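J.: Each chain, letter by letter, is given below.
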Amino acid sequence: MKEPIIRLENIKKYFPIRGGVFSRVVGHVKAVDDVSFSIEKGETLGLVGESGCGKSTLGRTILKLLDPTGGSVYYKDHSIFETDKEQLRRLRRELQMIFQDPYSSLNPRLNVGEIIGESIEFHGMASGKEKQEKVEYMLETCGLSPHHHRRYPHEFSGGQRQRIGIARALSLNPEFVVADEPISSLDVSIQAQIINLMEDLQEQFGLTYLFISHDLSMVRYIADHVAVMYLGKVVEVCDKEELYDNPLHPYTQALLSAVPVMDPDLKSNRIILSGDVPSPANPPPGCNFNPRCRYAEERCCSEEPELREVTAGHRVSCHLVEKR
Amino acid sequence: MSELLQVKNLNTSFHTEDGVVRAVNDVSFALKHGEALGIVGESGCGKSVACLSIMRLIAQPGKIEADGIWLEGNDLLKLSEKKMRNIRGNEMAFIFQEPMTSLNPVYTIGFQLQEAIRLHQGLNKRESWKKSVEMLKVVGIPHPEKIAEEYPHSLSGGMKQRAMIAMALSCEPKVLFADEPTTALDVTIQAQILELMLDLKERINTAIIFISHDLGVISEMTDRVIVMYCGRIIEESATRNIIKDPKHPYTIGLIKSKPQIHEKIDKLVPISGSVPNPLQMPSGCPYHPRCEHAMEICAEEMPEKTEAGSGHHVKCWLYSRKGDQVRQ
Numbered sequence: 130m131k132e133p134i135i136r137l138e139n140i141k142k143y144f145p146i147r148g149g150v151f152s153r154v155v156g157h158v159k160a161v162d163d164v165s166f167s168i169e170k171g172e173t174l175g176l177v178g179e180s181g182c183g184k185s186t187l188g189r190t191i192l193k194l195l196d197p198t199g200g201s202v203y204y205k206d207h208s209i210f211e212t213d214k215e216q217l218r219r220l221r222r223e224l225q226m227i228f229q230d231p232y233s234s235l236n237p238r239l240n241v242g243e244i245i246g247e248s249i250e251f252h253g254m255a256s257g258k259e260k261q262e263k264v265e266y267m268l269e270t271c272g273l274s275p276h277h278h279r280r281y282p283h284e285f286s287g288g289q290r291q292r293i294g295i296a297r298a299l300s301l302n303p304e305f306v307v308a309d310e311p312i313s314s315l316d317v318s319i320q321a322q323i324i325n326l327m328e329d330l331q332e333q334f335g336l337t338y339l340f341i342s343h344d345l346s347m348v349r350y351i352a353d354h355v356a357v358m359y360l361g362k363v364v365e366v367c368d369k370e371e372l373y374d375n376p377l378h379p380y381t382q383a384l385l386s387a388v389p390v391m392d393p394d395l396k397s398n399r400i401i402l403s404g405d406v407p408s409p410a411n412p413p414p415g416c417n418f419n420p421r422c423r424y425a426e427e428r429c430c431s432e433e434p435e436l437r438e439v440t441a442g443h444r445v446s447c448h449l450v451e452k453r
Numbered sequence: 310m311s312e313l314l315q316v317k318n319l320n321t322s323f324h325t326e327d328g329v330v331r332a333v334n335d336v337s338f339a340l341k342h343g344e345a346l347g348i349v350g351e352s353g354c355g356k357s358v359a360c361l362s363i364m365r366l367i368a369q370p371g372k373i374e375a376d377g378i379w380l381e382g383n384d385l386l387k388l389s390e391k392k393m394r395n396i397r398g399n400e401m402a403f404i405f406q407e408p409m410t411s412l413n414p415v416y417t418i419g420f421q422l423q424e425a426i427r428l429h430q431g432l433n434k435r436e437s438w439k440k441s442v443e444m445l446k447v448v449g450i451p452h453p454e455k456i457a458e459e460y461p462h463s464l465s466g467g468m469k470q471r472a473m474i475a476m477a478l479s480c481e482p483k484v485l486f487a488d489e490p491t492t493a494l495d496v497t498i499q500a501q502i503l504e505l506m507l508d509l510k511e512r513i514n515t516a517i518i519f520i521s522h523d524l525g526v527i528s529e530m531t532d533r534v535i536v537m538y539c540g541r542i543i544e545e546s547a548t549r550n551i552i553k554d555p556k557h558p559y560t561i562g563l564i565k566s567k568p569q570i571h572e573k574i575d576k577l578v579p580i581s582g583s584v585p586n587p588l589q590m591p592s593g594c595p596y597h598p599r600c601e602h603a604m605e606i607c608a609e610e611m612p613e614k615t616e617a618g619s620g621h622h623v624k625c626w627l628y629s630r631k632g633d634q635v636r637q
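Chains as they are written, first to last, in this note's numbering: chain L, 130 to 453; chain H, 310 to 637.
Read the hints as simulated data drawn from the structure, not as lab findings.
Computed from a predicted structure; not experimentally measured.
The reader is advised that the hints may include incorrect statements.
With a straight-line Cα cutoff of 30 Å, these simulated BS3-like cross-link-like pairs (lysine-lysine) come out [what the hints assert, rightly or not]:
{"id": "1", "chain 1": "H", "residue 1": "Lys553", "chain 2": "H", "residue 2": "Lys631"}
{"id": "2", "chain 1": "H", "residue 1": "Lys483", "chain 2": "L", "residue 2": "Lys170"}
{"id": "3", "chain 1": "H", "residue 1": "Lys614", "chain 2": "L", "residue 2": "Lys131"}
{"id": "4", "chain 1": "H", "residue 1": "Lys372", "chain 2": "H", "residue 2": "Lys565"}
{"id": "5", "chain 1": "H", "residue 1": "Lys631", "chain 2": "L", "residue 2": "Lys369"}
{"id": "6", "chain 1": "L", "residue 1": "Lys260", "chain 2": "L", "residue 2": "Lys193"}
{"id": "7", "chain 1": "H", "residue 1": "Lys372", "chain 2": "H", "residue 2": "Lys391"}
{"id": "8", "chain 1": "H", "residue 1": "Lys387", "chain 2": "H", "residue 2": "Lys614"}
{"id": "9", "chain 1": "H", "residue 1": "Lys440", "chain 2": "H", "residue 2": "Lys483"}
{"id": "10", "chain 1": "L", "residue 1": "Lys131", "chain 2": "L", "residue 2": "Lys193"}
{"id": "11", "chain 1": "L", "residue 1": "Lys369", "chain 2": "H", "residue 2": "Lys391"}
{"id": "12", "chain 1": "H", "residue 1": "Lys553", "chain 2": "H", "residue 2": "Lys391"}
{"id": "13", "chain 1": "L", "residue 1": "Lys263", "chain 2": "L", "residue 2": "Lys170"}
{"id": "14", "chain 1": "L", "residue 1": "Lys205", "chain 2": "L", "residue 2": "Lys263"}
{"id": "15", "chain 1": "L", "residue 1": "Lys205", "chain 2": "L", "residue 2": "Lys170"}
{"id": "16", "chain 1": "H", "residue 1": "Lys553", "chain 2": "L", "residue 2": "Lys369"}
{"id": "17", "chain 1": "H", "residue 1": "Lys614", "chain 2": "H", "residue 2": "Lys631"}
{"id": "18", "chain 1": "L", "residue 1": "Lys205", "chain 2": "L", "residue 2": "Lys131"}
{"id": "19", "chain 1": "H", "residue 1": "Lys446", "chain 2": "H", "residue 2": "Lys483"}
{"id": "20", "chain 1": "L", "residue 1": "Lys369", "chain 2": "L", "residue 2": "Lys452"}
{"id": "21", "chain 1": "H", "residue 1": "Lys573", "chain 2": "L", "residue 2": "Lys170"}
{"id": "22", "chain 1": "H", "residue 1": "Lys565", "chain 2": "L", "residue 2": "Lys131"}
{"id": "23", "chain 1": "H", "residue 1": "Lys576", "chain 2": "L", "residue 2": "Lys369"}
{"id": "24", "chain 1": "H", "residue 1": "Lys341", "chain 2": "H", "residue 2": "Lys446"}
{"id": "25", "chain 1": "L", "residue 1": "Lys131", "chain 2": "L", "residue 2": "Lys369"}
{"id": "26", "chain 1": "H", "residue 1": "Lys341", "chain 2": "H", "residue 2": "Lys387"}
{"id": "27", "chain 1": "H", "residue 1": "Lys576", "chain 2": "L", "residue 2": "Lys263"}
Using the sequences and the hints, build the whole thing.
T.: If you want it as structure tokens, here you go:
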């Protein structure tokens, strides 16, 4: 069995809600509430869910870009939340991030060589001519031309900018990369280019990805394991094929059936969920999903289900899995 | 004339400081009563501008030129601004992509619905309020009496889009333009809205022009599809034909580059390159720099419309007789 490279244990991230004259804390938005899973080396874990479910917050909390409220993350032997600042800075070389919006995540006043070279120099990996060579090598690896290093971000299209973002993240030879919706702001014909690039690079450098996305068909393509989030909690996690062929949580079933199907011969049995996602500041008691669930029973409204293993490697948080 | 809406040689251009951007080029199509027509293309292909041009909603420095845009035989381009205002919202309505920004935040939902009803149907304040509440009920908003008195900020994205649809349908328009109505919404909410639109289409018998970049959505919502690239229509056919038997290399590439949720595939096939800068359009067919089948003639001349099956039109040299001659 392979060793997990990254392990999350009961991660929590609450944002305080302040109110009143003295800005006292009057409540919490539980953006991420008690999430645990692990990712093996060289694997891609797809993290899916709708907007506001906490998937991006989770991605940032893992790298300690946001201060966690509780829980721990283990990367190899290091506990990320417990390492001091200096050590964390060194660790970050191995833990990188690709951002969603290639328009706002690149500094418009630096040229591409500086954008990519900055982190190489910061981590003391190379400088001068050697750094220059590394930048050019990374540009070429990511499908850009080496002489692009003198240009500024505004001279590139969205897809090319995302390639720069990827080149920056990978220039430090990281082990683990969090990709936060890396394709959602790109056009359909460009999305496939970026996904193929990420796959090729994974093979070449042995990368491990946490791939955050709301595009369920892309996740089916790129991921090995998939975790589904709803209102700050992971409701189902298992192998990709198992999840798409045999979804067990009623939310996952509805989510998968809601994706529009192109082939007119495949008429899907759509499960239409009623209502909206409840506010994470005031989640319903019991199972988060009970107000929208078509199977909900009394127990679901009072008792919170635990994420438990139902069949080998398939974990679901639902009281009624066996019953249905 | 059996056509409800007919557009002939529509050209919309924007005269900017950097040069002329030809956003829509020689676009012609017709729409029948009760039909659902899809327009597919990537961002910047001119699909939204084409529809806004039909409504004459293009501001300076934009310029609309066409042989004619006829709504039931009336040329819209020849109408005065006052008459055009009578048509907008009344006979033709628009659902915009972003429900968050297209509702006015300082008026209540009911007030905004009421406005169009009072203007176009001449109802008084009480009757129009009653009608607004009724419309909110039609689109499945719970407690419509209460919601009508709320401001947009207190509604969720899906609810706002429902209110937008209620507004667009309040005067029972003959043509409804839906510009990516679900793109800003989550999948489960998208499913709700699409279901609602299909249901309302049956009941009200409105013709819909459905703009989207998502072929899955188009496939579920429309009878016929127009594929646009760089401001031009490059393929047009029944929805089924476009999905099952696409002809234009761009359409084929678009379908192949998007994995389907029920499919296992080994490798994605992307379209190489990117959409050209609208200020520097390539000569000939605009797709030729990205096309794997590109021939010499593709860089020289824009292909003409060719029939590739009944009701299936495509603009590509691969399918035209002249292209055949060149190849030999």
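J.: Please go over all the hints and tell whether each is borne out by the structure.
T.: To see whether the hints hold, each was checked on the structure:
1. Lys553(H) to Lys631(H): holds (26 Å)
2. Lys483(H) to Lys170(L): Measuring from Cα to Cα gives roughly 58 Å; hence the hint is violated.
3. Lys614(H) to Lys131(L): violated (58 Å)
4. Lys372(H) to Lys565(H): violated (36 Å)
5. Lys631(H) to Lys369(L): violated (49 Å)
6. Lys260(L) to Lys193(L): holds (27 Å)
7. Lys372(H) to Lys391(H): holds (19 Å)
8. Lys387(H) to Lys614(H): holds (28 Å)
9. Lys440(H) to Lys483(H): holds (19 Å)
10. Lys131(L) to Lys193(L): holds (25 Å)
11. Lys369(L) to Lys391(H): Given pair Lys369(L), Lys391(H) is violated - Cα atoms ~58 Å apart, limit 30 Å.
12. Lys553(H) to Lys391(H): violated (45 Å)
13. Lys263(L) to Lys170(L): holds (25 Å)
14. Lys205(L) to Lys263(L): Holds, at about 27 Å.
15. Lys205(L) to Lys170(L): holds (10 Å)
16. Lys553(H) to Lys369(L): holds (27 Å)
17. Lys614(H) to Lys631(H): Cα-Cα ~11 Å, so holds.
18. Lys205(L) to Lys131(L): Between Lys205(L) and Lys131(L) the Cα gap is close to 12 Å, so the pair holds against 30 Å.
19. Lys446(H) to Lys483(H): Roughly 21 Å separates the two Cα atoms, so the pair holds.
20. Lys369(L) to Lys452(L): holds (24 Å)
21. Lys573(H) to Lys170(L): holds (23 Å)
22. Lys565(H) to Lys131(L): With Cα atoms ~34 Å apart, Lys565(H) and Lys131(L) exceed 30 Å; violated.
23. Lys576(H) to Lys369(L): holds (16 Å)
24. Lys341(H) to Lys446(H): Holds. Lys341(H) to Lys446(H) sits at ~28 Å (cutoff 30 Å).
25. Lys131(L) to Lys369(L): holds (17 Å)
26. Lys341(H) to Lys387(H): Measuring from Cα to Cα gives roughly 22 Å; hence the hint holds.
27. Lys576(H) to Lys263(L): holds (29 Å)
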